[in-house]
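> From first to last, the protein sequence lines are chains A and B.
The first sequence begins at -2 in our numbering and counts up one residue at a time.
The second sequence begins at 12 in our numbering and counts up one residue at a time.
Just to be clear, a hint being listed does not mean it is correct.
With a straight-line Cα cutoff of 20 Å, these simulated SDA-like cross-link-like pairs (lysine to any residue) come out [as the list claims (entries may be wrong)]: (1) LYS267(B) - PHE157(A); (2) LYS90(B) - GLY281(A); (3) LYS214(B) - TRP180(A); (4) LYS214(B) - VAL269(A); (5) LYS280(B) - PHE157(A).
Everything labelled a hint here was simulated from the structure, so no lab data went into it.
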Amino acid sequence: MTTSTVDVKTPEQAPPPAPAPGRRRRFAVHFAHYKWLYLLLLPGVVYFAVFRYAPMYGVSIAFKDYVPFLGVNASPWVGFQHFQDFFSNPDFGRLLGNTLILAFLNLGIAFPLTIVLALLLNEVRLSILKRTVQTLVYIPHFLSWTIVASLSFLLFALDFGPLFLFINSVLGTDIDFLSDPAWFRPLIVLQEIWKNTGWGTIIFLAALATVDQDQYEAAIIDGAGRFRRVWHITLPGIRSTIIVMLILAIGQMLNTGFEQIYLMTNALNRDVADVFDTYVYFVGITQGAYSYSTAVGLFKSLVGIVLIFGTNALAKRFNQSGLF
Amino acid sequence: MTRRKLSLAAAVVTAAALTLTACSGGEAPAADSSKISVMAPFLEAQPPSADGAVQKKLEELTGKDVNITWTPNASYEDKMNITLASSEIPQVMVVQSKSPGFVKNAEAGAFWDLTDKLDEYPNLKTTFPDVEKNASVNGKVYGVFRARNPIRAAVMFRQDWLDKLGLKAPETTEDLYNVARAFTEQDPDGNGQNDTWGITIPKWGALGSNSPYDIIEEWYGAGNRWTEKDGKLIPSFETEEFLEANRFVKKMVDEKLINPDFATFDGTKWNEPFFNGKGGIIVDVDSRVSVLINLFKQANPNDFQNKVGFVGNLKGPDGVLHSHPTDGYSGFLAVPKTSVRTEAELKNVLEFLNTMNGKDVATLLNNGIEGVNFTVEDGKAATIKPETPEGKAVTTDIKSYAQLGTNVTGNNFYPVKQASDYEQEVFDKRVEVMAEDLKSAVYNPAAAFVSPTYVAKGAQLDNIVADARIKYLAGQIDEQGLKDAIKLWKTSGGDKVQEEINKLWQDSK
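Go ahead and model the full structure; you've got the sequences and the hints to work with.
Have a look at this one:
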């Protein structure tokens, strides 16, 4: 039995027959060996080349004064002019502030809540209840931001929204949630929690399933209560998942969600609502300042890359497994 | 098996390579004078079909093979810029406004300068030279403008409420206040509850967008976007009248005569409170009168008369009527240089546009086909009843084809005959009121001028003041805050815009 297995594998694993193991030759053999895997890889490579890398050529308009009629090639180069304009623009501080505040609120509130919800779900022993709750908290994820925004408009509408009336009767004061700048951020975070927390638990629940059950039994014998078990067994068990998810979340941090914020913005809360994404749309699409808004978008992407590498390095430094 | 997989992979790679090279394109073929390509927006759910009756008739009347690329209105501006960067450029392009994108392209030489060329064509030599100037970029005419009635501002109100409360139609802004107050406080719908407000204003804040705020400011004498003071042009929000007008609107907001959610209320639902008996007044274009009447007609075909009343512009506190006009055009038809290369080709295109604005084609584009969807009754186009499916298709199609109508020599088509005597009466009154208001129209003196600074960051600058206006009305900031915002507009680049506009204005004299 054992010998026959070796026999079968031999022709493939045999060292290169020719004596000259040049680099190219080694690759040729390697390639011949794994040709089907490379073929499987091909569609992915082509996809990324065509739809992800080729369009990057267009990023060059951030350094040009792009006029559609002249095209990307013929438009004159202006160097870092657009970046300078952006950094010296009074809008810059406000945009950066708004973007970062919203990003940290989402990261600081919505992200931990996902873990808390996953832990809570994990503690539910009644299988049917667990599944029902899980399904119910997933559903909002499938609604578009347009619907979430419309729902908010209906619920919080001045003078007739049910939630507006309820809060009004409890507190005795009128709160205009939709246009009061002080309520913009809480509203955005609430929407984010409502829409995405349930969906975010999926990956943590999967991680929780891998935690060694024997440890719980041992802990119970040692007299550990429910919170002790969560603190000393469950959380360390999913630590690496949490860190990977955190790094990914930080990379996406500046993508504050164009649709959601655009839909919730109005003249009264614009000061706290304007973020990089909505600004790029406003300046780029509605005003035709393509170069300028590309520069803004590029800056945002650079910050995103720096954040990803930074957190990854930090995670490694503290002896945690990073993303790469 | 293997071979098949390989050939599949090869196909994928080839397709990818083709996609990459497709953008680089080739030389455009020499123009064929019997063919004309046009790019235009459509506002209906569906674009007209390429072999529809209107299309056939259009080709027959113009003697050309007309190829129209219909593009959804919502993404028209983006699509236009993309088209200009591509190799497939139409010979005639509808340009919807003097947007920064268009101005940049035009100044880079994307379009023919038609300033001295249109006079040779009887149907293109405009009878509204002022509007042509408004549509120009600093006097350079880059297209044949699409004429619109300049006076469109009207005050619409619930006639039944007005009658019930025994009030008169408003004539001054003070009357407007009194009617709005009565509509709010005197239970005009008679349900015994305090559940109505006077005026409905939607989320519509941009400066110079013919919003209710702009209209009321103009009535107060603030001017139309720009106004002349001491021999200089200043933005209308720098006038005392602007502040007065906004104090007036704020008073109505504070007294709850205006819908409390005016900063967030969706403009597409504007008719609803009016129709449902929540808000009794709308300040907008007069064509909304017909839309409102139709709503009541659909709900009850037997009792829809005398629900909607309207008047034109209102006199301000100074007792003078300052009517609010638009700039008189809605974009223009421009001729790109990339697809029309020589003067001879341009001549061919302009001749085509000349035919388009002649009586025959103008009638086709705006009324449809006589005998199919309309008949002429005492000089008016009346819809054929019973309507045939063919006639209905034509009626739908012409709503898109009307986008190609320029009417620079006035309307060369039939006015539409309204469905009932009552509606005809209202329509005739609309025409009359608008004609009367035209005499006191206060135009935007800077409409023709495009300042470079404004092209670069005008919309951002205007937002400062527009937002401050709404914040002031909502009580978030006081009048000093509004004045500070105007100061901020000036210091962040507005002063430069003003300087450039004044220079252009002086040079044009």
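> Run every hint past the structure and note whether it holds.
Going down the list of hints, with the structure as the test:
1. Restraint check for LYS267(B) and PHE157(A): satisfied, since their Cα atoms lie roughly 15 Å apart, inside the 20 Å limit.
2. In summary, the hint linking LYS90(B) to GLY281(A) is supported, as the alpha carbons are separated by about 14 Å, within the 20 Å threshold.
3. Note on LYS214(B) and TRP180(A): the hinted pairing holds, with a Cα-Cα distance of about 19 Å set against a maximum of 20 Å.
4. Our distance criterion of 20 Å between C-alpha atoms is met by LYS214(B) and VAL269(A), whose separation comes to about 18 Å.
5. Between LYS280(B) and PHE157(A) the alpha-carbon distance is near 16 Å, which keeps this suggested pair within the 20 Å criterion.
Violated hints are absent here; each numbered hint is respected by the structure.
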